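Undergrad: Protein chains in written order, with full-length UniProt numbering: chain W, 1 to 317; chain A, 1 to 545.
A hint or two may mislead.
[Said to hold, decoys possible] Straight-line distance between alpha carbons at most 20 Å, and here's what the computed SDA-like set of lysine to any residue pairs gives:
1. A:LYS136 / W:GLU46
2. W:LYS158 / A:LYS136
3. W:LYS158 / A:ILE281
4. A:LYS426 / W:MET47
Quick caveat, the hints were computed from the structure, so don't treat them as lab data. Predicted model, so just to flag it, every value in this text is computed and none were measured.
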Amino acid sequence: MARFVLNRALKAVLTIWIAITATFFLLRLLPGDPTTLMVEGDMTPEMRAALLKTYGLDQPLLEQYVSYLRELLHGNFGISFRQIQPVTDILLDRLPWTLLLAGVAFLLTIAVGIPIGVYAAAHRGRWPDKLLQGFGIGGHALFVPSVAMLLLVYLGAKLGWFPIGGAVDPDTRGAAAYLSLAHHLVLPVASLVLVQLGPYALTLRTNLIDVLGEDYIRAARARGLSGRRRLWKHGLRNAILPALTLMGLQLGTLVGGAVLTETVFAYPGVGRLIYEAVGQRDYPVLQGAFIMLAITVVVANALTDLLYAVLNPRIRL
Amino acid sequence: MSKTINGRARRWRAAVALGAAAALGLSGCGLNEDNGASGESAAGDAVLRIGTTTDVSNFNPLQSLSKTDSWILNAMYPHLLRIDENAKKAPELAKDYTYENDGKTAVFHLRDDFTWTDGKPVVADDVKFSAESIMKYKLGNVAAKLTWVTSIEAPDATTVKFNLSQPYAPFAEGVGFWMSVVPKHIFEAAGDLSKFPNDSNWVGAGPFVLESATKGQRYVMKRNDKYPLAPGGKPAVSKVEYRLYPDVNTMMLALRNGDIDLMGTPVPASAAKTFENDAKIKMAKVGALGFAHLTYNMNNKDLAKQEVRQALSMAIDTKSIISSVLQGDAQQMSGPISPIFADYDNTEIQPYAFDPAGAKAKLTAAGYSDGNGDGLFDGLELGVACDQSNANLTRVVQLFRESAAKAGIKLENECVERNTFLSRTKDGKYDIDASQWGVFDNPMDQLRSTYLSSNPGGINYNLLKSPEIDQLINDAAGTTDTAAFATKIKNIDKVVHEQAYLTPLYVENFQFAYNASKFGGFVASPSDLLGMVTAYSLAQVKPVG
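Build the full structure now, drawing on both the sequences and the hints.
TA: Below is the structure:
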């Protein structure tokens with residue numbers, strides 16, 4: 001097991017390094033530089049040179065890269081070009097909001113997805129199953145911003161049931177603030193869950209149907225175990241294993257989806273920070289945000305693999 | 001039994017872990033605990049809520065380049081001059097300005113009743129320090145406007161003299177309008193101002209000063225009780241709160257729902273009608289300083305020919321574009337100066353009429369032919385670049401492509417992502433550029449920036465090298481006599497039009513939406529950069545009733 005963990009950790013570190021390197025060079029391969037956006041009006045070559053020097057962009061690319069890696073090893077993500085503040089501070093300011101949004105959506109997808117998937121599998125071929133299949137296939141076609149905008153317009157603006165922007169009413173304190181927080185979370189979370197739920201439940205249903213056809217389930221039936229016990233205890237325990245991988249991947253999709261959701265709902269997370277930093281070509285912020293997202297996804301996948309290995313010892317072999 | 005206990009213990013551990021994670025998350029979020037501003041105010045005091053699109057990226061007004069930053073920072077740091085709704089410069093911190101020494105010295109006379117919020121008066125030394133810092137650290141776009149400055153003097157508390165290497169007619173207008181004045185006694189201590197974030201303990205002298213900034217959510221400004229340009233000596237509104245809505249559609253919903261009272265951004269022409277049935281929302285309409293246009297790359301062998309540029313100008317149906325793309329909410333232009341500058345707009349110039357047959361005849365006369373009979377001139381194939389995030393211009397390029405085909409000109413749509421577009425434009429890697437200028441506060445700066453070949457920092461996207469234009473621009477730039485200056489500008493308009501260096505398309509009307517049932521008194525400025533969110537405008541706002 002120790003060898004498996006070490007092997008997985010090394011792969012995770014390698015993946016993160018590739019993500020860091022790719023992000024660094026891809027951003028710089030894009031046409032223009034941070035001064036490109038300052039063309040409205042006069043800018044002398046001296047001014048441009050001064051700005052590039054301030055940003056450290058006057059150095060050869062490889063030197064910039066080495067220096068960036070050196071700083072990263074010291075935990076320094078650099079200084080934002082536009083905000084003149086440490087990227088770490090900026091990210092830490094926004095990260096909790098994204099974790100909250102993506103975390104709640106993730107847990108809700110699982111909490112609601114499992115019973116739906118199990119119910120559909122238990123009623124295979126009947127109308128609840130057909131309904132789920134339609135919902136699952138439709139879920140693949142749904143686009144987060146479209147769903148978000150629909151919820152915003154109808155439930156937020158037209159019916160006035162939920163706030164249409166922000167994360168918490170700034171004028172609230174104490175318990176009222178927590179209630180306001182939950183109230184503000186409903187629509188962004190709903191838009192993420194609606195998109196993720198169908199495909200997740202459908203995958204679980206398919207796995208469960210496969211498992212329910214296995215010999216050991218038939219043996220359990222022969223032993224006289226009740227249908228509910230066969231389904232939930234023996235079936236689900238085995239069917240959920242492949243769905244674990246999907247959960248890991250879903251976390252990445254959720255974080256990506258949060259970029260779009262946060263923009264529509266004016267939610268103050270990392271997603272919106274990325275949206276703004278792209279427009280400003282703020283390399284350090286973009287690099288920091290992408291690295292953080294990469295770490296989130298890689299760690300989530302590594303944990304999923306480990307959990308998989310714990311639950312299914314054959315993986316470790 | 002032991003199995004049950006273990007199961008329970010596991011569940012408890014999981015619950016505790018989840019709770020701790022949630023608590024950590026929420027404490028990280030702050031959840032209003034550390035926020036100094038409550039948003040509540042004493043009875044009778046009004047809070048004006050404004051929708052903005054992005055966070056403040058830089059609190060240092062000398063360095064900031066963002067439009068949305070300026071909405072907040074301009075309310076805090078005074079400028080010598082402001083621009084009024086007719087695009088004329090009006091006094092702000094400076095009462096007036098004069099030129100001495102044959103135009104080589106610009107002298108500003110300051111008001112003596114502006115004070116910083118820490119009680120110190122705003123004096124000439126603050127202006128001198130601000131300008132010298134910009135020059136020293138080459139900060140922001142103002143640095144280019146100070147190119148001619150050789151020295152700055154502050155002989156007394158209310159006089160600032162800028163000594164110039166050569167006369168430049170709109171120097172005072174440009175610097176007066178664009179340069180923020182910062183408190184020397186605060187900023188001097190920061191050392192290198194290019195690295196000064198100025199992100200706390202704000203001291204300002206505008207009508208409002210920042211009180212708290214909650215990144216990603218809101219910025220709260222409190223009233224400066226001693227702002228001389230507000231009726232009664234202080235703004236009627238006690239606080240201004242900026243709330244963030246990155247998506248303009250969400251911002252419109254927020255205005256309709258009463259979450260905000262004013263949209264900082266203009267309402268898109270296509271969306272303005274959605275407010276028509278809402279009795280509480282009013283729209284203020286103003287013209288614009290900038291305009292949409294086609295610019296031709298003079299390094300292209302075909303576009304270097306005057307006949308080709310003129311034919312292209314005749315191959316675009318501007319009137320139809322205005323009615324279909326902008327729902328008629330724009331004005332057609334003829335010369336290269338926005339008509340809002342009434343003193344400089346050459347009204348004798350007429351736009352090139354849409355005439356595909358005439359354009360075809362012009363190109364035939366210039367030696368182009370259609371050998372294969374496909375209706376298009378052989379070898380005349382041009383790309384039109386634009387910023388694809390500008391929905392109006394993307395549509396313009398499509399319509400231009402269709403109408404130019406009728407004139408036998410094949411155009412390719414090369415609209416791309418904004419940064420790529422700007423980069424290509426800057427590097428001259430395009431044939432025709434369809435874009436929209438933002439703010440030109442005076443025609444001389446505009447002409448100098450766009451056509452003067454010896455201005456390396458300019459935005460001469462034509463890559464024009466015309467000794468005639470250079471001479472005309474340099475001659476006008478040194479003319480401090482107002483009437484003679486206007487005549488010279490109008491003459492440059494004429495030459496640019498005849499040469500068709502650019503085809504001006506339209507100048508948009510901007511519409512700004514606000515909740516008229518709660519507030520009134522806004523003063524709109526002719527630019528989406530300023531709109532109704534200027535220091536002067538915010539100081540005039542009054543609660544209704």
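Undergrad: Could you run down the list of hints and mark each one as holding or not?
TA: Evaluated hints:
no.	hint	result
1	A:LYS136 / W:GLU46	holds (12 Å)
2	W:LYS158 / A:LYS136	violated (54 Å)
3	W:LYS158 / A:ILE281	holds (17 Å)
4	A:LYS426 / W:MET47	holds (15 Å)
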